[in-house]
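K.L.:
Listed here are the chains, written in short residue letters.
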Amino acid sequence: MACGVRRAGAACALLPAAACVLLLTAGCTASTPSPLSPGGAGAERVAGLWWLLFGIAAAVCVIVTALVLWAVHRRREARPSTRSGRRFVVVCGVLIPAAVLTFVYVAGLDGMRAFDDPHDPDQLDVEVTGHQWWWEVRYPGSPFTTANEIHVPVGRTIHVRLRTADVNHSFWVPQLTVKTDLVAGRVTHLWFTANRAGVYRGQCAEYCGAQHGRMALHVVAEPAAAFQAWLAGQSRPASTRGSQAFTSASCASCHTVAGTSARGTVGPNLTHVAGRRFLGAGTLANTPANLARWIQNAQAYKPGNRMPPQPLSPEQLDAIVAYLETLR
Amino acid sequence: METLDATRAHEIAAEAAGERVSSRWEEPPGLFGWVATVDHKRIGRRYLVTAALYFTLAGLEALIMRTQLAAPDAGLVPPEVYDQLFSLHGTAMIFLFATPMLFGFGNFLFPLMLGTRDMAFPRLNAFGYWVFAAAGLLMFVSLLFGAAPNGGWFSYVPLTSLRYSEGANLDVYTLGLLFLGVSTTAGAINFICTALKLRAPGMTLNRVPVFVWALVVTSFMVVFALPPLNTANLLLFLDRRFGTNFFDTTAGGDAVLWQHLFWLFGHPDVYIIVLPALGIVSSIVPVFSRRPIAAYSLIVLATVATGVISFGVWVHHMFAVGLPPLSLTFFSAASIVVTIPAGIQIFSWVGTMLMGRVVLGVPMLWAAGFIVVFVLGGVTGVMFAIVPFDQQVTDSYFVVAHFHYVLFGGAVFPIIGGLFHWWPKFTGTMWNERAGRWSFWLVFAGFNLTFFPMHISGLLGMPRRVYTFPSGLGWELWSLLSTVGAYLLAAGLLCTLLTLWHAHRRGPAAPADPWGGETLEWATASPPKPYNFAVIPTVHSLHPLWDARTLASFAEGARSESRVLADGHLVLRTSELDGEPEHPLEMPEHSVLPFLSAAALFLTVLSLLFGWYVAAGVFAAATAFTVMGWLWPWEKAQA
Chain A
-17 MACGVRRAGA ACALLPAAAC VLLLTAGCTA STPSPLSPGG AGAERVAGLW
33 WLLFGIAAAV CVIVTALVLW AVHRRREARP STRSGRRFVV VCGVLIPAAV
83 LTFVYVAGLD GMRAFDDPHD PDQLDVEVTG HQWWWEVRYP GSPFTTANEI
133 HVPVGRTIHV RLRTADVNHS FWVPQLTVKT DLVAGRVTHL WFTANRAGVY
183 RGQCAEYCGA QHGRMALHVV AEPAAAFQAW LAGQSRPAST RGSQAFTSAS
233 CASCHTVAGT SARGTVGPNL THVAGRRFLG AGTLANTPAN LARWIQNAQA
283 YKPGNRMPPQ PLSPEQLDAI VAYLETLR
Chain B
446 METLDATRAH EIAAEAAGER VSSRWEEPPG LFGWVATVDH KRIGRRYLVT
496 AALYFTLAGL EALIMRTQLA APDAGLVPPE VYDQLFSLHG TAMIFLFATP
546 MLFGFGNFLF PLMLGTRDMA FPRLNAFGYW VFAAAGLLMF VSLLFGAAPN
596 GGWFSYVPLT SLRYSEGANL DVYTLGLLFL GVSTTAGAIN FICTALKLRA
646 PGMTLNRVPV FVWALVVTSF MVVFALPPLN TANLLLFLDR RFGTNFFDTT
696 AGGDAVLWQH LFWLFGHPDV YIIVLPALGI VSSIVPVFSR RPIAAYSLIV
746 LATVATGVIS FGVWVHHMFA VGLPPLSLTF FSAASIVVTI PAGIQIFSWV
796 GTMLMGRVVL GVPMLWAAGF IVVFVLGGVT GVMFAIVPFD QQVTDSYFVV
846 AHFHYVLFGG AVFPIIGGLF HWWPKFTGTM WNERAGRWSF WLVFAGFNLT
896 FFPMHISGLL GMPRRVYTFP SGLGWELWSL LSTVGAYLLA AGLLCTLLTL
946 WHAHRRGPAA PADPWGGETL EWATASPPKP YNFAVIPTVH SLHPLWDART
996 LASFAEGARS ESRVLADGHL VLRTSELDGE PEHPLEMPEH SVLPFLSAAA
1046 LFLTVLSLLF GWYVAAGVFA AATAFTVMGW LWPWEKAQA
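Chain order of the listed sequences is A and B. Heads up, the first sequence stops at 310 in my numbering, and the numbers go up one at a time, no gaps. Heads up, the second sequence stops at 1084 in my numbering, and the numbers go up one at a time, no gaps.
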């Protein structure tokens, strides 16, 4: 029995240490959206804060566990002390925690400054609107609308203005910055800077209904020149060659393809859909085969989303996919 | 002169006066007696059993969710079912398990610990139980019709408004919680009055057991915290049913108002759950450390301070909502300050153990295990007071890990420890020591394996409340470990259940005082007689049963009619602060009316749910009539 306690106690003390090591190794996976492998200044700040908090937390856990184990295991002959124990409680339970917590609080206040409005005149504005269950993205001053993929230049301050078209959502790209909610009836803001190029996965973090689990987005951080090229490409209207297949089907009632008669606004704007990495807000990789599957029956992959199954002939489907694949 | 112990003192009192008192406390047998009983011990046991049943159901929901999350892209249940499972799991664990379970402990133990014969309002007590049982029935049955709450346990608008949630799901939520709130409020008032007016003579406020303090503070918190929740639910019900626009931002309402109202209840509620559980620990630790609790006055102050400060921390649930940073710094500070009283309690138990002589019986094993896991939940709690870190990991699996360490570690561990500790009183039987140890180690291992990996999932960016997740993001291993842990945890809980059940059916009879207890409940029979104490003792210290004068008071009181009180269904009323005897109080006896008024109120709620407003009016009138009958000063037939 006694050794059982000791074993479990040792396990408790080791758990934080084990977790620390595992986290470091697990965080190495390139695609893991871990806040502890930051690609932005804000996330870096929080990662630093985490290791500070983790150190203190681990120390507290180890000390208390050790005291409990010692109380249970030391020699039993000792007669219970009749002292009140008030001094022990005041020192260990009030004075020491108060000092540590004051330090932690100040560190937290200092950390908050990393997320304030930096008042950077050179900042790039991005407008993100949450929908059940996808992200609409605009760049004020540019004529286009895109979805689920935000391109940003590395090293420049990005100001994201967040709105929702329906219920509350939360914008969370852990490697770049902390999350901020999209709140009905309000506009919220966040600022971040990507320090290194890469594709950062984000996901809605406020429960928003049936497909909350499949509402991802990707932030593509690239060098300024590549970003400008992307911006210019997005601003061009789509090619109209073969658009007949798309506009004559039911697609156009919900989706817009700039430059054609398709002007629906229920679903994502598809003007340059072939250039995006994923379909259905991170649900499927954007390949021609997946695109065909998605159009035929999106409900099979993301049940409950607003796109009904499309009763199309194989020829119609091929023509639509072929057209959409030209929209780069 | 013989040396007295609790068992002997109890025997002397029972021999001297047991028979005379007993005749005044009989209840009718059979089904009628079963429905009409107002015995706080029977009601307390019912609370425990019913809450345990709801715990099992909500736990099975969690097991389905963990099975779904064992592997990426799994399709065991569709998203709309998964959403109901996690919403009902949270709602049930908070409202239908934790608080009622602890109220069950309170109902059973309050009169016993305080040295009296019943709760202050016995019929209100019975009424509260029936309402609670019916509210739970409504919520769980709704799942069978696909109409269980599906907006998460905090049901944020506008997702829960009629526009985005057309089914009855959220009506079950709002009406169910309003209905349940009646029971919780009634119970809280009952605890407050019992603790203030029915303590044994001599039990001044500084001799009140910590468990009683904890539950009284909790009860005051309930009285102040439930109104914002009830308001929120009423407004949402009106929005959904009658087209008001309290939360509709397109018509001038405010969606954040819901969040403020909810968390103004919701954060105090965390302490409403945890404080009485900590009170259980404060009962177990001194008995099994063979000395009084360290720094009693500090632990009581800490309990009261927690109750007050917890009303000033609710915005830490809303750090990511985009509120002004200056206000966040205030709530961050308050959230840090509220951990100090928790630190006091932790070191009070640790100090008690260090300065005592620990006997590692099964209840103490749970208490010691609790300290270890609760500290882990506490340190991650401090992290959530730090604004930027909170904004990073809130609504991720990290927060799921945190609050399960606090609520499972901080409440379920003490609750199970308390069940083992007071099982001899609850049932009059003893459990098997070996099986008890197996239960603990299985649950301890399963609990940590389930919830520790969730910290890591969260730190790898996994959001909570997702019905599935894609592969390739590094989440598979941690998610699978949690699932394996969940099954181990379920096995441990099953083992606990079987151990206790076996004791109840086959266990040896329990002595009056198996642990050498400190507080008055151990000076009653196991299980206690309907009248609890044949003689009302006089309390001379904080630990009455370790104190010769209090023990002697049982024999002394047996010679005094004013302490035997055999002339009726009587308890002794005492003063609020000093426990000075005032006068005997005739208590209400068994009645079927509390059951009938609860049933009528339940039918009112059901009618509102189905939109039968005329029927609702009729049943509401019926409720009022039964309550009038219950309160009517009928002439009592004198025997």
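If you're looking for bench data, these hints aren't it; they were derived computationally from the structure. All figures in this text were calculated on a predicted structure; none of them were measured in a lab. Keep in mind that the hints are not guaranteed to be accurate.
[Claimed, not checked] Residues of chain A clear of chain B, computed beta-carbon distances all greater than 10 Å:
no., residue
1, C43
2, G67
3, V71
4, C74
5, G90
6, T170
7, A198
8, V255
9, N279
10, T308
[Unchecked claim] Just the calculated beta-carbon pair ranges, DEER-fashion:
no., chain 1, residue 1, chain 2, residue 2, range
11, B, Y1058, A, L34, 55 to 61 Å
12, B, E1021, A, A80, 31 to 37 Å
13, A, S221, B, F590, 49 to 55 Å
14, A, D98, B, P523, 22 to 28 Å
Every residue, glycine too, gets a C-beta built ideally from N, C-alpha and C.
K.L.:
Against each hint, give a clear statement of whether it holds in the structure.
P.N.:
Going through the hints against the structure:
1. C43: violated, 6 Å
2. G67: violated, 3 Å
3. V71: violated, 4 Å
4. C74: violated, 4 Å
5. G90: violated, 4 Å
6. T170: Given that some Cβ of chain B is not farther than 10 Å from that of A/T170, nearest at about 3 Å, it is violated.
7. A198: violated, 8 Å
8. V255: holds, 20 Å
9. N279: Holds: least Cβ distance 15 Å, greater than 10 Å.
10. T308: holds, 28 Å
11. B/Y1058 / A/L34: 55 to 61 Å: With a Cβ separation near 58 Å, B/Y1058 and A/L34 satisfy 55 to 61 Å, so the hint holds.
12. B/E1021 / A/A80: 31 to 37 Å: holds, 33 Å
13. A/S221 / B/F590: 49 to 55 Å: Cβ of A/S221 to Cβ of B/F590: about 51 Å, so the range 49 to 55 Å holds.
14. A/D98 / B/P523: 22 to 28 Å: Taking Cβ atoms as reference, A/D98 and B/P523 lie about 43 Å apart, which means the hint is violated.
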